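K.L.:
Listed here are the chains, written in short residue letters.
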Amino acid sequence: MITSILLAMVIQGDSHVYERVQPQAGEIAIEAVIRLKDPSPYAQAVAKTLALSLKDRTVTYSVRDMRMVTNGPPVRAQYMPDEIRIGVSVPPGNLKAGFSLLESLLKEASLSDERINQVKRQNPTQGDPWTQSLSGSLPDLSCVVADDVRSMYHQLCQPDNIWVGVAGAVMPAVSATEWQMRCENWPALRPADTYKAPPKVSFFSGTSLTTVEFSGEPIRSGDVDLPSRMLALIALGGGKGSDLFQVCRRQQTWSYRQEAFLWPTTLGWTPRIILAIASHDGPTSQRVRSELSASITKWSEEDRLRALGFATSVFRRGLDFSPLYFTNQGPPSSTIEDQAFLAAYWGMKTGRTWDAEQLIKSMNQVNLEDLREAGQALIKPS
Amino acid sequence: MILTFLVGLSLTQATIIQPPRLRTILPNGACIMVEQVDGSPTVAMDLFLSAKRAPESPASHGLRHLYEHLSALGKAGTLDRRLETGGGFLRAFTLRDVTVYAVTLPPNGVRLGVAALTEMTQTQEFSTADIQKESTILAREGDLRSTDEISSAQAWQAAYGVAGLDPFGNLDIIANTSSSELSALRKALLVGDGMTVTVVGNVDLDKTTQEVSAWLSLFPKGAGDAQPSRHSSAPPSTVGVATAPDIREPFTAALLAAGLGLASECSGASFTYTVATQPGLMRISSEEENVSATLPGINGPPLFARGVSLAHRWVDRQLHEPADIAFSRGFLLSLDRGLKPELLHNRISSVTPAMFSRAVRIYQGEAPVGNLR
Chain X
155 MITSILLAMV IQGDSHVYER VQPQAGEIAI EAVIRLKDPS PYAQAVAKTL ALSLKDRTVT
215 YSVRDMRMVT NGPPVRAQYM PDEIRIGVSV PPGNLKAGFS LLESLLKEAS LSDERINQVK
275 RQNPTQGDPW TQSLSGSLPD LSCVVADDVR SMYHQLCQPD NIWVGVAGAV MPAVSATEWQ
335 MRCENWPALR PADTYKAPPK VSFFSGTSLT TVEFSGEPIR SGDVDLPSRM LALIALGGGK
395 GSDLFQVCRR QQTWSYRQEA FLWPTTLGWT PRIILAIASH DGPTSQRVRS ELSASITKWS
455 EEDRLRALGF ATSVFRRGLD FSPLYFTNQG PPSSTIEDQA FLAAYWGMKT GRTWDAEQLI
515 KSMNQVNLED LREAGQALIK PS
Chain Z
28 MILTFLVGLS LTQATIIQPP RLRTILPNGA CIMVEQVDGS PTVAMDLFLS AKRAPESPAS
88 HGLRHLYEHL SALGKAGTLD RRLETGGGFL RAFTLRDVTV YAVTLPPNGV RLGVAALTEM
148 TQTQEFSTAD IQKESTILAR EGDLRSTDEI SSAQAWQAAY GVAGLDPFGN LDIIANTSSS
208 ELSALRKALL VGDGMTVTVV GNVDLDKTTQ EVSAWLSLFP KGAGDAQPSR HSSAPPSTVG
268 VATAPDIREP FTAALLAAGL GLASECSGAS FTYTVATQPG LMRISSEEEN VSATLPGING
328 PPLFARGVSL AHRWVDRQLH EPADIAFSRG FLLSLDRGLK PELLHNRISS VTPAMFSRAV
388 RIYQGEAPVG NLR
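Chains X and Z supply the protein sequences, listed in that same order.
The first sequence begins at 155 in the working numbering and counts up one residue at a time.
The second sequence begins at 28 in the working numbering and counts up one residue at a time.
It should be emphasised that the hints constitute simulated quantities derived from the structure, not laboratory data.
Small disclaimer: the values here were computed from a predicted structure and weren't measured.
SDA-like cross-link-like pairs, simulated, lysine to any residue; straight-line CA separation at most 25 Å:
#1 452/X - 109/Z
#2 160/Z - 444/X
#3 214/Z - 242/Z
#4 274/X - 294/Z
#5 102/Z - 454/X
#6 515/X - 378/X
#7 160/Z - 443/X
#8 274/X - 316/Z
#9 452/X - 105/Z
#10 515/X - 134/Z
#11 274/X - 419/X
#12 534/X - 404/X
#13 160/Z - 145/Z
#14 274/X - 315/Z
#15 102/Z - 449/X
#16 160/Z - 432/X
Could you build the full structure based on these sequences and the hints that come with them?
P.N.:
Structure below.
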């Protein structure tokens, strides 16, 4: 454990590769993050169809071949509003084979009409009602045109639009070399096919839950007030000592689950505060806002220190309750696949390596007055 | 001369190497397991309260869940704030066979953790108002249950009837629980031989064991022998579901390997199994495809090597971080004081292709013939 932590490092090369070396890990996780640029409803529906279609077969690999490379675990695929994630886990000796599989998934996925239509028919909603409620209204994938999926695949799966994270028992810098070598023979970018007349996307509700939600002003990765806004999110909704838990759950019994987090968008992130309430007799948004606002006004040094304590547990010690909702299951966990993903994702969003200590240091400098101001801004009517 | 002696002494002390973990059974039957993980940035401290002296019936369905919610609040409901300020975090959850309080702590946090566990187990009385308030919150928790969780609860009930009751509980029973019923439950749960504490992190084995035992030895020993609540019943011939024997039985490992192997053939599939020394349930489900249609068509025997490999991986991943180790080892110890994850590896290694194929057929809907052991 100590060795793995002491030797953990993140290396950034020109090829968008980020490594977290953990010599004692039992396997290697390789994660590719493909940036989505178009936030329009149709482009997002196409991206979701693409993410769900491309993990099961390529020109070179059948499902069984893929399982041979990974020694069992399936290929992971995820769609979020700002990225598509493709991940493979391989035994320590299979790094090259893992990269070959990843390369094949990104260059020559079998995006047949049959596979795409199968995904469209399933129109899957993912996760439990809470997870589903975070996605809000879901696009109905039946409108998606298979050619658009293939076109998006070729447009997006280009080396300059892909970030790679590798975690586990790897030799430093080997992954960067592996990836760089594969980037050199990438098929040339085809002319862009834009959706001349994109089909109208209909939406359906993905959840049965009733929620109250507030959204703050969007955050961009370079914003100087990122630390104060993130600390305010934690003070408001991170942990069970937070206002959302203490006010909405303990005092008012409005909800069982309530959270404050950053939700990805193509431009940055949106701070969101959500509580799941009773479908009948639940509180109005105004009532929730008023109670939270009164509570923020009373924030003391004790609240600031609790938020800092929680932030330190999350970012330094890997507690699984981070406010960074970057995966379709919630925040990245402490598994090596999520650590590899976070390294690549942060590189894509900010151009920098993920530096938890720097973030904690910046949060420590946020004073109480700024924290209160940032907290009130999070629940301000838009 | 003196200098030489001191150097010699310090060298002697430096070479004392503690074993990686220490299990202690106290006179009252409580169990403590401390594991040293060098350099770990966290200490995980878990308390397990066995359900074997408080089995649920339709009349008490959900009381353990209610007790878990109320006890986890600590004194005056401020425990979470104090823990989080100190870099800790508390999770509590109720399973069929145990109630778990899992505290994540900073490296020097053993004392903070023991204080938190002490506080949670001290509250003896809960008012009617407390119970009413918590039952409202539990109703909101019920809204969040996934269709998969509900399907799982139904599968358990189909396999084991009343002995397979869903640990979430019945909201009507919960809302009408009296203060005295909760006090009686507390008494049944807080007995030495039903309590297990695990501490995992960069800690000293002896000191930590002493610190925990000073508190844990205060609880009385349970009276009489606790009986298992679940017995083998007619296994369901439902595609994707297998009733599993005791975890110590070799065929359980075959079912584990077969379940994981088959799940790896289905898109978006997940495999669920909560380890038990009583009969339990294993399930394959998927959000992306209908496993009832897919599983019967899968050719099982070629999946043998992959299934066995995935089963070993499944066990290894339960021992990844201090929090995983504390939970896995503590959970097994709360079921049986001699049970270790290493036993699962041994059992998995002994699975034969014939056992695997038989297990595959059970998931594919064929009713098993003969004793599953």
